[in-house]
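S.K.: Here's the letter readout for the chains.
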Amino acid sequence: MATFIIARLTFLEAIRRRILLSAFLLGVAFLILYTWGFYLMRQEALPSVPRSEISSAILRSGLNNFLTLAGLYAVNFLAIAMGALVSADTLAGEIGSGTIQAIVAKPVRRAQIVLGKWVGFAGLLALYLVLMVGGVMAVAYVLDGYVVPNVASGVALIYLEALLMMSVTLMCSSMFSTLATGGVIFGLYGIAFIGGWVEQFGALLQNQAAVNIGVVSSLIIPSEALWRRAAYEMTPPLAQVIGISFSGPMFTVSVPSDAQIVYAVGYLAVALAIGVRAFARRDL
Amino acid sequence: MTHAIETINLRKEFDENVAVRGLTLQVTQGEVFGFLGPNGAGKTTSIKMLLGLVAPTAGSAMLLGAPLGDRAVRARIGFLPEHFRFHDWLSAREFLDLHGRLYAMSASRLRSRINELLDLVGLTPFRDKQLRTFSKGMLQRVGLAQALLNDPALVFLDEPTSGLDPVGRRLVRDIIRDLRARGTTIFLNSHLLSEVEITCDRVAFIKHGEVLRVSELKSLVNGATSVTIRADSLTPPIIAGLQQWSRDVRADGAQVTLTVSDETALPAINRYLVAQNVAVYALTPQHLSLEDLFIQIVGTDGGL
Ligand SMILES: Nc1ncnc2c1ncn2[C@@H]1O[C@H](COP(=O)(O)OP(=O)(O)OP(=O)(O)O)[C@@H](O)[C@H]1O
Ligand SMILES: [Mg+2]
Numbered sequence: 019m020a021t022f023i024i025a026r027l028t029f030l031e032a033i034r035r036r037i038l039l040s041a042f043l044l045g046v047a048f049l050i051l052y053t054w055g056f057y058l059m060r061q062e063a064l065p066s067v068p069r070s071e072i073s074s075a076i077l078r079s080g081l082n083n084f085l086t087l088a089g090l091y092a093v094n095f096l097a098i099a100m101g102a103l104v105s106a107d108t109l110a111g112e113i114g115s116g117t118i119q120a121i122v123a124k125p126v127r128r129a130q131i132v133l134g135k136w137v138g139f140a141g142l143l144a145l146y147l148v149l150m151v152g153g154v155m156a157v158a159y160v161l162d163g164y165v166v167p168n169v170a171s172g173v174a175l176i177y178l179e180a181l182l183m184m185s186v187t188l189m190c191s192s193m194f195s196t197l198a199t200g201g202v203i204f205g206l207y208g209i210a211f212i213g214g215w216v217e218q219f220g221a222l223l224q225n226q227a228a229v230n231i232g233v234v235s236s237l238i239i240p241s242e243a244l245w246r247r248a249a250y251e252m253t254p255p256l257a258q259v260i261g262i263s264f265s266g267p268m269f270t271v272s273v274p275s276d277a278q279i280v281y282a283v284g285y286l287a288v289a290l291a292i293g294v295r296a297f298a299r300r301d302l
Numbered sequence: 019m020t021h022a023i024e025t026i027n028l029r030k031e032f033d034e035n036v037a038v039r040g041l042t043l044q045v046t047q048g049e050v051f052g053f054l055g056p057n058g059a060g061k062t063t064s065i066k067m068l069l070g071l072v073a074p075t076a077g078s079a080m081l082l083g084a085p086l087g088d089r090a091v092r093a094r095i096g097f098l099p100e101h102f103r104f105h106d107w108l109s110a111r112e113f114l115d116l117h118g119r120l121y122a123m124s125a126s127r128l129r130s131r132i133n134e135l136l137d138l139v140g141l142t143p144f145r146d147k148q149l150r151t152f153s154k155g156m157l158q159r160v161g162l163a164q165a166l167l168n169d170p171a172l173v174f175l176d177e178p179t180s181g182l183d184p185v186g187r188r189l190v191r192d193i194i195r196d197l198r199a200r201g202t203t204i205f206l207n208s209h210l211l212s213e214v215e216i217t218c219d220r221v222a223f224i225k226h227g228e229v230l231r232v233s234e235l236k237s238l239v240n241g242a243t244s245v246t247i248r249a250d251s252l253t254p255p256i257i258a259g260l261q262q263w264s265r266d267v268r269a270d271g272a273q274v275t276l277t278v279s280d281e282t283a284l285p286a287i288n289r290y291l292v293a294q295n296v297a298v299y300a301l302t303p304q305h306l307s308l309e310d311l312f313i314q315i316v317g318t319d320g321g322l
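Here the protein sequences come in this chain order: A and B.
Sequential numbering of the first sequence, starting at 19, is according to my numbering.
Sequential numbering of the second sequence, starting at 19, is according to my numbering.
Isolated chain A, as found in the complex:
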């Protein structure tokens, strides 16, 4: 019960402090730019298409897939950023300002406070992703009647990535100051990002050392791997057979395995558990 009271409070805070509104406005601005870019790219690329019907259809669907995944890549990044931004200050900030004191003195478990915040942020992220993913997908659909394959599993993986980063941020926020939390999360994101690129280059150039660096980085933080898997899921079967997918700015060459997804879920659960435990033991 207390968990839901806190979840509701967390949601209400995002509304009252205009976090939801600004994220939404930013999202709309992004979608407008995206639509415009999509339209221009399509204009540019399609007239040069050879006359053959079949190759035209393949190229068209390839272009639509590429542009949609590029949009989803940006949405994926925005969702991570939003999850981290709202959760970085939540526990650290309330401990710092002292608003947490009267709440913790109530007949509630401290775990319920952390879990309630988690549920609230998870709800926020779900809402955000539904709107943004829906917006990006609507563009290709309206302009060309195109829908990427495996939307459900792709979006689920993106959501999992956002939840993962949010949980890790919440964990840090239960232990460190807001600033330190921001630093740690930024560092982790950097590792995931660079590691992902190094791994792709390694796979392309068949350099095992580079691939290993990528594997280690996705063990340290498996977020980028989730995105690459999501992009792979949403790539047309033909391209999958060749072994590539369009993951934003890069082609995905090495595809993260199911085991990596399981690892990410476990990582999330452990981060949340550590956060709960750290908060339960803290002097406030």
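What the hints contain is simulated information worked out from the structure, not anything from laboratory work.
Careful, some of the hints might be misleading.
[Stated by the list, open to error] Taking beta-carbon pairs under 7 Å as the criterion, some of the chain B residues facing chain A (in silico): (1) Leu69; (2) Leu71; (3) Thr75; (4) Pro85; (5) Arg89; (6) Ala93; (7) Phe97; (8) Arg103; (9) His105; (10) Arg111; (11) Leu120; (12) Phe144; (13) Arg200; (14) Leu211; (15) Trp263.
Small disclaimer: the values here were computed from a predicted structure and weren't measured.
Glycine included, C-beta positions come from ideal geometry on N, C-alpha and C.
Place chain B with the ligands on chain A using the hints.
M.R.: Quick look at chain B with the ligands alone, frame taken from chain A:
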């Protein structure tokens, strides 16, 4: 009868720093208990330990007959933290609603209780205003309402009058009196000794996280008397002899001031002086204020 609060050697260390050295204390049910001490004496830390905000390093305590951390007991406790800060994007009513829900109060009881309390603290006209627009004293009032939502059996007030205007201070005093009449136990941290003097049944003086003295307020204030003696030929040995009645003897020319715990010492002091052939011109008793006592008991070094 169980005590409302009972602590045994409660101790808290923050790294090197010992905030509370060993707090042993009993608070009887239904009394207003003043917890006094200089800045940094460990008053707030003691309250935080009792409420589960801070984990004690050692020692034990019972609240309303149950060991620390019992959630059923916490439902019967009210707490106004020091430097009370809120989710200031909530309105007064939403804020009280949130805290009432955390107490797991039923919706109908909560609604009537919120109206009652907003009335009591005089914030009814501001009930739908966001707390960010409130002044410090208004926040203190809404915080006080928050501490009373659940009709608590035991209330912790950490400096409830800080930031309040005289009307607000009187309000707090009246609320405390009301609660006391209903049998609520109140644990009060305050630096406003004139108020403590009016409201408290018993007081504890603490310093460096140790109880220096616990006393009934009445006997403390009524009993402790400062005596000023004006006399000729007060030699050092004679002044030293006065120490059998008081540890606190100050000589200043033809005048000596000492503090005795009981007025009945006065005739004996007079007899002693006469027997030493001192010409006594005046022997003036004067009741001490709680502030004088505070300084006498905890000293002027501030305890820091
Ligand atoms: N979180 C903390 N970390 C380290 N030291 C602390 C912490 N909280 C309190 N202290 C130290 O513990 C001691 C007691 O502090 P406390 O706040 O309990 O004093 P207090 O009696 O309430 O003082 P005041 O009258 O100023 O409110 C102080 O020396 C303080 O510096
Ligand atoms: Mg204090």
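S.K.: Indicate, hint by hint, whether the structure satisfies it.
M.R.: Here is how each hint holds up against the structure:
| no. | hint | result |
| --- | --- | --- |
| 1 | Leu69 | holds (5 Å) |
| 2 | Leu71 | holds (5 Å) |
| 3 | Thr75 | violated (10 Å) |
| 4 | Pro85 | violated (15 Å) |
| 5 | Arg89 | holds (4 Å) |
| 6 | Ala93 | holds (4 Å) |
| 7 | Phe97 | holds (4 Å) |
| 8 | Arg103 | holds (5 Å) |
| 9 | His105 | holds (6 Å) |
| 10 | Arg111 | violated (13 Å) |
| 11 | Leu120 | holds (4 Å) |
| 12 | Phe144 | violated (17 Å) |
| 13 | Arg200 | violated (21 Å) |
| 14 | Leu211 | violated (25 Å) |
| 15 | Trp263 | violated (46 Å) |
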